[in-house]
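2 protein chains.
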Amino acid sequence: MTIAKLAEAAGVSVPTVSKVLNGRSDVAPATRTRVEELIRRHGYRRRRGPGGGRAATVDLVFHELDSAWAIEVIRGVERVARAEGISVVLSESGTDPGARDGWVDSVLARQSVAVVLVFSDLAAAQRARLAARGIPLVIVDPTGTPPDDTPSIGSANWSGGLAATRHLAELGHTRVAMISGPPDVLCSRARIDGYRAALETAGLRVDPALLRTGDFHVEAGVEAGRRLLALADPPTAVFAGNDLQALGVYEAAREAGVRIPDDLSVVGYDDLPLARWVGPPLTTVRQPLTEMAEEATRLALSLSRGERPANLRLDLATSLVVRQSTAAPGRR
Amino acid sequence: MTIAKLAEAAGVSVPTVSKVLNGRSDVAPATRTRVEELIRRHGYRRRRGPGGGRAATVDLVFHELDSAWAIEVIRGVERVARAEGISVVLSESGTDPGARDGWVDSVLARQSVAVVLVFSDLAAAQRARLAARGIPLVIVDPTGTPPDDTPSIGSANWSGGLAATRHLAELGHTRVAMISGPPDVLCSRARIDGYRAALETAGLRVDPALLRTGDFHVEAGVEAGRRLLALADPPTAVFAGNDLQALGVYEAAREAGVRIPDDLSVVGYDDLPLARWVGPPLTTVRQPLTEMAEEATRLALSLSRGERPANLRLDLATSLVVRQSTAAPGRR
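Protein chains in written order, with numbering that gives the first Met the number 0: chain H, 0 to 331; chain P, 0 to 331.
In isolation and in its complexed conformation, chain H is listed as follows (with noise of 0.2 Å):
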């Protein structure tokens, strides 16, 4: 379907449909509704960039660029972009619905190739208005489940809970506490799903008090931490959401005098660099960030290609790093 075929089609002129391509705000809303939906019909495909390619961009955009995880991330996808001589384009979506819409007018003005979204989701009308000008969507770490068009990349996270509480369990921890990252995200529950896999396989009871819930900051690990080991009975090992928690468990331990591994066990989830360096280094579980985000950004740009990709939906593989903060319990 060319420009030409669209205008005709809608009964209006080449500009007109150009501009609904472009995003522009100077289009009558029922001419904008009536192109989008010929589009959605039959399908366009938008050339690539206005400067003979070498203006082509691919849109990244984070929730939030406040953590040291983001960062995994930007590299995997720049690296891949560089590599086909397209930009990066990055932003952060925030929270705000209207911010949003301005931020998917700024991605058809640009006429970015494709999207590659982290740890966040989309309103169904926003995906549409980037579906109607063909420019994909691809989802890295979706917090929920995406609607089934979506494609995403994710990684195991059930078995990097369960890898990371059968190793307290095998080290012969019998009271292991598990901080989670908000339970409505969808990583957070196939993690404590694996925590509860671990424990029940190791005969081990499932104790709700030593289950504790936080954002993915160093905070929420201090503060689940501090009433952690607050308990009549604390636990001897804590599963934290991710690293940055887990060093809040580190924090919360100095306060209380408790040592680690001596006192208490700690695993992080991520294994960023940082993990290798804190004292004593984490053990925790790797989820291949700068893999995942490579993958999404292989992946938009194929399908920004008008390819056919075998698999729209990928969980990479985790695995369990052994430091120096996991040992046997009762050392004291």
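Simulated from the structure, these hints should not be mistaken for laboratory data. Accuracy of the hints is not assured; some may be wrong.
Each pair may be met inside one copy or between any two copies, as identical chains are not told apart.
Once the Cα atoms are required to be at most 25 Å apart in a straight line, the calculated SDA-like pairs of lysine to any residue come out as [as the list claims (entries may be wrong)]:
id, residue 1, residue 2
1, K18, S90
2, K18, E83
3, K4, K18
4, K18, R195
5, K4, R40
6, K18, A131
7, K4, R23
8, K4, A67
9, K18, P287
10, K18, R81
11, K4, R33
12, K18, E36
13, K18, D100
14, K18, E222
15, K4, E91
16, K18, A122
Only a predicted model underlies this, so the values are computations on that prediction, with no experimental measurement involved.
Got chain H; can you put chain P on it based on the hints?
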């Protein structure tokens, strides 16, 4: 100067001038040189972006993206750009001059409104290509002394080196080592001079055996830390080139059974978020990376609007943040 007048003066067509402005390669080199020379002489102010403003981008370029450091800078640039409805294009320049030429092509093709370059530099020819299109360049944390006409935002490195070393001297340390960043980089030189000034002011000898250099990664800190601790008369305090190097010194101390701060005081540089959470929490010099990035972006966008800011070069203040990695010597 309009495109039409430039074309007339150069004796070429309007589309040819347009091609030169947009960095297209299908222009004879002699023609390109002639047009660029005219633009340089007479000036030319670009309109903003092809998409009615919403497509406007600013380019943020790192020498390398693999450090927790980068995210602090990215956040500042993204925040200021977003407030003006401008998207951020992120790239890693690498060290290959050919790849950098390709990157300049892509900036021109995308008609970026400005470039923010971090801890890096461009060849004069590449700077000239940007200048010829009226695309302003601002350098954050310049590695060398930028040419007079290049705006830059740095921080008070000499004062930072002085404050860190004075803190250690005031605690009573007389054997204070320094691990510096690469000595050909301006900020390293300034910090070394601050270190020397503090020692001399305190009446302490500057011992060349206690001054080490390395790149800004953890491994360099491990290596330098090992060598310092292996000296016949080892230091009782180390001022590291950045927080990552300081973590390397932590690692070397652990290996050698040296306790921090009981046996060895350590000061870092940057105050990355992780400095608060390592064990023990790191005393460090706070470099306001996010603010530096914000200031540089404001300056770049102001220049892109044709404004003439009063200050094209600024150094923001640094400050010492005392945590638990420093103490009086001789507690062993």
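Cross-check of the supplied hints:
no. : hint          : result
1   : K18 with S90  : within (23 Å within a copy, 29 Å between copies)
2   : K18 with E83  : between (28 Å within a copy, 22 Å between copies)
3   : K4 with K18   : within (15 Å within a copy, 30 Å between copies)
4   : K18 with R195 : neither (53 Å within a copy, 62 Å between copies)
5   : K4 with R40   : within (13 Å within a copy, 46 Å between copies)
6   : K18 with A131 : within (13 Å within a copy, 31 Å between copies)
7   : K4 with R23   : within (20 Å within a copy, 30 Å between copies)
8   : K4 with A67   : neither (48 Å within a copy, 50 Å between copies)
9   : K18 with P287 : neither (40 Å within a copy, 42 Å between copies)
10  : K18 with R81  : between (29 Å within a copy, 23 Å between copies)
11  : K4 with R33   : within (14 Å within a copy, 42 Å between copies)
12  : K18 with E36  : within (15 Å within a copy, 36 Å between copies)
13  : K18 with D100 : within (16 Å within a copy, 33 Å between copies)
14  : K18 with E222 : neither (51 Å within a copy, 59 Å between copies)
15  : K4 with E91   : neither (36 Å within a copy, 41 Å between copies)
16  : K18 with A122 : within (22 Å within a copy, 39 Å between copies)
Of the numbered hints listed earlier, those contradicted by the structure are 4, 8, 9, 14 and 15.
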